[in-house]
Structures are given as C-alpha cells and as structure tokens.
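Here is what each chain is made of, one letter per residue.
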Amino acid sequence: AQSVAQPEDQVNVAEGNPLTVKCTYSVSGNPYLFWYVQYPNRGLQFLLKYITGDNLVKGSYGFEAEFNKSQTSFHLKKPSALVSDSALYFCAVRVGTGGFKTIFGAGTRLFVKA
Amino acid sequence: GAGVSQSPSNKVTEKGKDVELRCDPISGHTALYWYRQSLGQGLEFLIYFQGNSAPDKSGLPSDRFSAERTGGSVSTLTIQRTQQEDSAVYLCASSAEGGGGAQYFGPGTRLLVL
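Protein chains in written order, with this note's numbering: chain A, 1 to 114; chain B, 1001 to 1114.
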C-alpha cells in the first residue's frame, strides 16, 4: 500500500540547535514529495518539494530536505531552529501514476524552546 | 494576489441535515483538492479535480459525500444527512501544476454536527 509515515508525533529542540523532522514513504514509481507547515491559527503553507534532480532541496524559512531513495526518506532539516518555527509539520507524497492524489502524513508537532 | 477562499468559515448543523461547503481556488489553477482534518489529526484526502478530467473520488468516506466543480473554478462539497463523526475542518487547496505543484490551502471550514 502506498503511504507516508512521520514516526515522531512531537519533536523538541532548543533554539539555535539543528532540527530534523522525519518522513518515510512507500509509493510505486518515482515519488513527488512535499513538506507543508501549519502554524497555530493559520492555514497550511507549502515549504518545499522534491520532484527530480538534486537530492537536497531548499525551501522557505531556511528549511531544507534530503531525498534518500535507498532509505525511502525525505527528512526535513534546519541548521538553526527558531522559536517561531514551532508548528505542525506535514510530509506529503503524490501517489499513482495517472492521477494526482496526494496523501499526507499524520504530522509532527515541533516545539522550539528559547 | 487573492488566495484560496472557503465559505463559510464555521458551520454548526444538526445531525441529519445537509451542508454545502464552498471553495474558490486561485484564479487559473487547474487542480483542486478537498481534505478533511479532524482535531489534532493529519489530512485525509477526499477528492481531486484536474481540469476537465474525471475527478478522483477515491477518498470520499461514504455516498453521503459528493463534490462538484463548476466551470473549472468554484467547487462545492456537499455532505448529506450529516453525522456527528463528520465534524472536522474541511480544507480546500488548489494547484497550478497538478501532481508536481505546490498546493495552496484555504483557511478551511470548521464543521460541527450536533
């Protein structure tokens, strides 16, 4: 079955430290992978995507993600966390070869402590 | 420019009533998605429209749910004979590029079925 998993419900990190939010996927064919963020009382926002090319993709707000085909992972990273990064993060993957259905992970809540 | 808009922002209804939720996508976006987000949960795919193609309805949870997209723009999600378990935030998103493009989300409609 095609799926996307975020193994951590919550990630805690101190401000200034690097952060990683994990995502693994299981899809047939070449995956289209996305990260979205949901700030409190705000809508979902696109952060970055991987379609093809360089395995390290850079996105908004200093975030980046690394596509690892052998590990079927697409972890979100940031070198230095900010308190304002505290939010709910969703990994998503397009499934199917003929359509564009997208499935989302359950989300990981990131807490950055000052 | 204008983003994705949804109406109403909140809807309270009684069990057994029908409700209609509206989504106005970003002008020119050919793809439109509906998702459901229950409290503290991830996004559940409901339905996807792409141009004039037949919609992907594979995520609709029951035949009480239906959606239309008129003129390739505005979409309406209809829930008939609402049940308490239908209570959730219903999110609409649009995309310019179909499966490979970022989705832009509306603020959602918060539905409460009493």
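Accuracy of the hints is not assured; some may be wrong.
Derived pair list, reagent style BS3-like, types lysine-lysine, alpha-carbon separation capped at 30 Å [said to hold, decoys possible]:
(1) B:K1057 - B:K1011
(2) A:K22 - A:K77
(3) A:K101 - B:K1057
(4) A:K101 - A:K22
(5) B:K1011 - A:K101
Facing chain A, from chain B, some residues (calculated, C-beta under 10 Å) [unchecked claim]:
(6) G1028
(7) Y1048
(8) E1085
(9) A1088
(10) Q1103
Honestly, the hints are just simulated from the structure, not real lab data.
C-beta atoms are modelled at their ideal positions from N, C-alpha and C, and glycine is treated no differently.
*Would you pick out the hints that fail for this structure and give their numbers low to high?*
6, 8 and 9
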